[in-house]
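Student: Dock chain B against the given chain A, drawing on the hints supplied.
Residue numbers (the working numbering), protein chains in the order written: chain A, 166 to 497; chain B, 166 to 497.
Think of the hints as simulated: they come from the structure by calculation, not from any bench.
Careful: at least some of the hints might be erroneous.
It does not matter which identical chain is meant; a pair holds if it fits inside one copy or across any two.
The calculated lysine-lysine pairs, modelled on DSSO-like cross-linking and capped at a C-alpha distance of 30 Å, are [what the hints assert, rightly or not]:
# : residue 1 : residue 2
1 : Lys456    : Lys272
2 : Lys314    : Lys456
3 : Lys391    : Lys430
4 : Lys314    : Lys284
There are 2 protein chains.
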Amino acid sequence: MAVTRIEELVTPALVVDLDAFDHNISTMAMALPGARLRPHVKAHKCTALARRQLEAGHRTFTCATIREVEGMAEAGLGEDLLLANEVVDASRLGRIDGRVTVAVDSKQTIEAAAKGGVKEVLIDVNVGLPRCGCAPENAGALADMARSKGLAVRGVMGYEGHAVGLDDRSLRQDITAQSMELLMQAHADVGGDVISAGGTGTYDINTWANEIQAGSYVLMDTAYAKLGLPFKQALSVLATVISTSASGFAVANCGLKALGMDHGKPDIDGGGNVMIVSDEHITFIPGEPVKVGDFIRIMPAHVDPTVAYHEHMHIVRDGEVLETWEVDLRGW
Amino acid sequence: MAVTRIEELVTPALVVDLDAFDHNISTMAMALPGARLRPHVKAHKCTALARRQLEAGHRTFTCATIREVEGMAEAGLGEDLLLANEVVDASRLGRIDGRVTVAVDSKQTIEAAAKGGVKEVLIDVNVGLPRCGCAPENAGALADMARSKGLAVRGVMGYEGHAVGLDDRSLRQDITAQSMELLMQAHADVGGDVISAGGTGTYDINTWANEIQAGSYVLMDTAYAKLGLPFKQALSVLATVISTSASGFAVANCGLKALGMDHGKPDIDGGGNVMIVSDEHITFIPGEPVKVGDFIRIMPAHVDPTVAYHEHMHIVRDGEVLETWEVDLRGW
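Same shape as in the complex, but just chain A (with noise of 0.2 Å):
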């Protein structure tokens, strides 16, 4: 079969750097391996990239939604998945074929857990961020309650989603170690082998939780770039110059709908700025001269919500494309 090279690819394009990805699967499999990494599919939706994981020693998933759940199950990646997110209608969860752990914080959300027919749970606790999540003098009598519908209880979950982005280091520490005080207050509370949370800017601070839910660190983003993580930037969108104006600015195919924006504007590979990103265009002063039918690469503010835009990711070393694999966990 001929050789695809990335100037043959449909722009827009998320393009994955082998040697990066790599990279940054086994600087964290050795940090954190087997099950202290709960891998979270939610920052790449991509079932295929989930089996890289699995094959650097991962067995257990975090997922954020129920379609997440679902088709990790249908790729055979089931053995242990956890919704770290509430949910009112858990009947979807209970018809999966694979092992599965819902986040509860409420009365409301534990009876929709056994009448869905799920049989495992996780107390969420909020730990600061304001999102979901029991107060953690609560947790102890939402375990009971799970227990008396007939639910196992796993342990406790709590996110310092307010921790994992702070550019300072010793601040990310401090509210870490705040966050997971009031965790193990509820863990001891709740019982139960499980102290999930954590993310890919705690991932070596976060030393209370014994499973680590971080996501990014795989494809990366320049939000967390700026964290000075040991983690490359493996995810960039391939996009073509289309026009160039004698005022300096040139003009790319890459715009709102190939990228998450609520981090603030992407970066543009080799320096340059961006000066507008409008519905299907990215308008940016150049760092070296570019013409119509440049490539670019352009790296998002946020992995998330930039790949859940892509049907395909495609996998790249030296300029070829080895292999494409489908975002297939988008939607819900």
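Tutor: Quick look at chain B alone, frame taken from chain A:
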């Protein structure tokens, strides 16, 4: 067949209020009948929706991607499709069974059109937005070049994208007037019948163009809602409350993968303040008390990148799902 209620939808889900939608379609068709409007499909990426625009009298359409042009033609809506964007490989366009016109703004894009087998072009003129388009004074020479390559030049296009979103109507008028002065000069040099420009924010201001490329009007978003236009908010994302906190905030299952965020945070129908949006969650202070299991409607700040995340949109009236349309023009 049993009636589907919106409460039975898997959330998050795009829902379109049929009454608001019909109002928007008829209001626009009255203001800009038939070919005076060339609806932009990038706002909705849905051929079923485009068919409603056609039934309202608009038989010509604007597209932003090759995939949109292909999908429209495959759906039998290819009577007169304008790709209002530059491409450096037009071979897929040349194979389309339908009338395809492509925007060109350089020697390279003209050569790409000719080589790809496209027969008709518009000269894209930069009228002030830092994006594609040639300098107005170069439009005539590019038209000559295109004709020398055997291409029919239908006229000009020039998008006043720096005007369409301005809150102050008189400023919007002034910038539009300045932009269209440039476009009319270019048109004098280029010739042809088509002067294509405009958007939802200038649909009734831009009296220079003989066709307006509005798209957002049909679904609307909170950014355009601020302009006092006669179009109603038809689109929202239906979400389920999955957690509440004694601190007063609530969390619903609609996050960064269900909402375009470049225009800022969305609004909650019925009031409330959005605190944070994360990958699969929105944390908000409810206007009225909510409980786990309640449904809320979220109005996105920017319609186009919101719709592009969803597989379907559900057409609803009085809480009943009347139809479900595939968002079939996603991808590239």
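Student: Hint by hint, say whether it matches the structure.
Tutor: Structure-based check of each hint:
For the homomeric pair Lys456 and Lys272, the shortest alpha-carbon distance between copies (11 Å) is at most 30 Å, but the shortest distance inside one copy (60 Å) is not. In this assembly of identical chains, the alpha carbons of Lys314 and Lys456 lie at most 30 Å apart only when taken from different copies (21 Å versus 65 Å within one copy). Taking the shortest alpha-carbon separations for Lys391 and Lys430, both the intra-copy value of 14 Å and the inter-copy value of 24 Å come in at or below 30 Å. In this assembly of identical chains, the alpha carbons of Lys314 and Lys284 lie at most 30 Å apart only when taken from the same copy (10 Å versus 69 Å across copies).
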